[in-house]
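The chain contents come next:
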Amino acid sequence: MARTAMRPTSLEELGIERKPFYTTAEVARILQISDQSLLDRIHTPADDPRHVYAVALGPRTYRIPVGALAQVVGIRPQLHIGRKPRRIDEIARREAPAKRRSR
Amino acid sequence: MPLVVPASGFAQQVEEFAKQLLYLSDNIEVADDHGDQVRATSYLVELRAAHGNIATFDYREEFTRTRIGWQRRRYAFELRFADPRSRSLRSRKAHHLHDPWAIHQHCETRANADDHYADVERLLQATHELFLKQWLSGAPVDCAGLVPLAMP
Chain F
0 MARTAMRPTS
10 LEELGIERKP
20 FYTTAEVARI
30 LQISDQSLLD
40 RIHTPADDPR
50 HVYAVALGPR
60 TYRIPVGALA
70 QVVGIRPQLH
80 IGRKPRRIDE
90 IARREAPAKR
100 RSR
Chain G
0 MPLVVPASGF
10 AQQVEEFAKQ
20 LLYLSDNIEV
30 ADDHGDQVRA
40 TSYLVELRAA
50 HGNIATFDYR
60 EEFTRTRIGW
70 QRRRYAFELR
80 FADPRSRSLR
90 SRKAHHLHDP
100 WAIHQHCETR
110 ANADDHYADV
120 ERLLQATHEL
130 FLKQWLSGAP
140 VDCAGLVPLA
150 MP
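If you read the protein sequences in the order shown, they are chains F and G.
Using numbering that gives the first Met the number 0, the letters of the first sequence map in sequence onto residues 0 to 102.
Using numbering that gives the first Met the number 0, the letters of the second sequence map in sequence onto residues 0 to 151.
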């Protein structure tokens, strides 16, 4: 993993190919740690600074989504919470044709 | 039993869930209207999926103010897979609570037209985890074994 003095703003800046998610082997290679060390970090509590977020596909099979990898390499996420939520009525209205088809 | 979120912890809960979505992508849409008697929230994230599709995680909830906190009265949790160019829907899993069907689910694929199916009450976090596994597995949406509902 390339190092920069400033906090990185994108994975591309660090020479990391952007994908929706990564295997543990890929992330271990990027972080230059062993697979076991990465598994240990996945298993640490979420409030531990060493924690790596991963989705479990099986007992020892995980995938690390791109946003989680970005945070691990120091890219700070921007969270903006708007005031205009999408409405359930839009979805309920779309159901009208399905309703007519139903038995 | 309807879900009740303590008023003091509502904003924190929205933020915590939004942070989880930020693990998936740096481009998420989160909103909370801070309504007085009825409060609505929504979360949306689009991700690349298997077979060149786009996966959209679309979560919406609506709460009513009560003496003990915000009681959830409606929800719509959806995972949609669509063609990236035409945006035409390829498949969908959805868990809903709204009138006139009350709690129900949808399952839609090219082979299985949309319908209303029986369901149990769903929580946002648990539903998100199920949808995540569906997205990560790359497996096609499976509508087998669902029980269609009669029109209310």
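Hints in this document: simulated from the structure, not taken from any laboratory.
Don't be surprised by glycine CBs; every beta carbon is placed ideally from N, CA and C.
Among the hints, erroneous ones may be present.
Cut-off 16 Å, straight-line C-alpha distance, at most; resulting in silico cross-link-like pairs (EDC-like, lysine to aspartate or glutamate) [to be verified]: (1) G:Lys132 - G:Glu77; (2) F:Lys83 - G:Asp113; (3) G:Lys18 - F:Asp88.
Estimated spans, in silico, between C-beta atoms of each pair [unchecked claim]: (4) F:Arg86 - G:Gln70: 48 to 58 Å; (5) G:Asp35 - F:Arg93: 23 to 33 Å; (6) G:Thr63 - F:Pro58: 35 to 45 Å; (7) F:Glu16 - G:Val146: 40 to 50 Å; (8) G:Ala149 - F:Asp47: 25 to 35 Å; (9) F:His42 - G:Gln36: 19 to 29 Å.
To give an idea of the interface, some chain F residues facing chain G are shown, with a C-beta separation under 10 Å as derived from the structure [to be verified]: (10) Ile32; (11) Ser36; (12) Pro44; (13) Pro48; (14) Tyr52; (15) Ala53; (16) Gly66; (17) Gly73; (18) His79; (19) Lys83; (20) Ile87; (21) Ala91.
So, going through the hints one by one against the coordinates:
| no. | hint | verdict |
| --- | --- | --- |
| 1 | G:Lys132 - G:Glu77 | holds, 14 Å |
| 2 | F:Lys83 - G:Asp113 | violated, 28 Å |
| 3 | G:Lys18 - F:Asp88 | violated, 26 Å |
| 4 | F:Arg86 - G:Gln70: 48 to 58 Å | violated, 18 Å |
| 5 | G:Asp35 - F:Arg93: 23 to 33 Å | holds, 28 Å |
| 6 | G:Thr63 - F:Pro58: 35 to 45 Å | holds, 41 Å |
| 7 | F:Glu16 - G:Val146: 40 to 50 Å | holds, 44 Å |
| 8 | G:Ala149 - F:Asp47: 25 to 35 Å | violated, 50 Å |
| 9 | F:His42 - G:Gln36: 19 to 29 Å | violated, 43 Å |
| 10 | Ile32 | violated, 19 Å |
| 11 | Ser36 | violated, 20 Å |
| 12 | Pro44 | violated, 14 Å |
| 13 | Pro48 | violated, 15 Å |
| 14 | Tyr52 | holds, 4 Å |
| 15 | Ala53 | holds, 9 Å |
| 16 | Gly66 | holds, 5 Å |
| 17 | Gly73 | violated, 13 Å |
| 18 | His79 | holds, 7 Å |
| 19 | Lys83 | holds, 6 Å |
| 20 | Ile87 | holds, 5 Å |
| 21 | Ala91 | holds, 5 Å |
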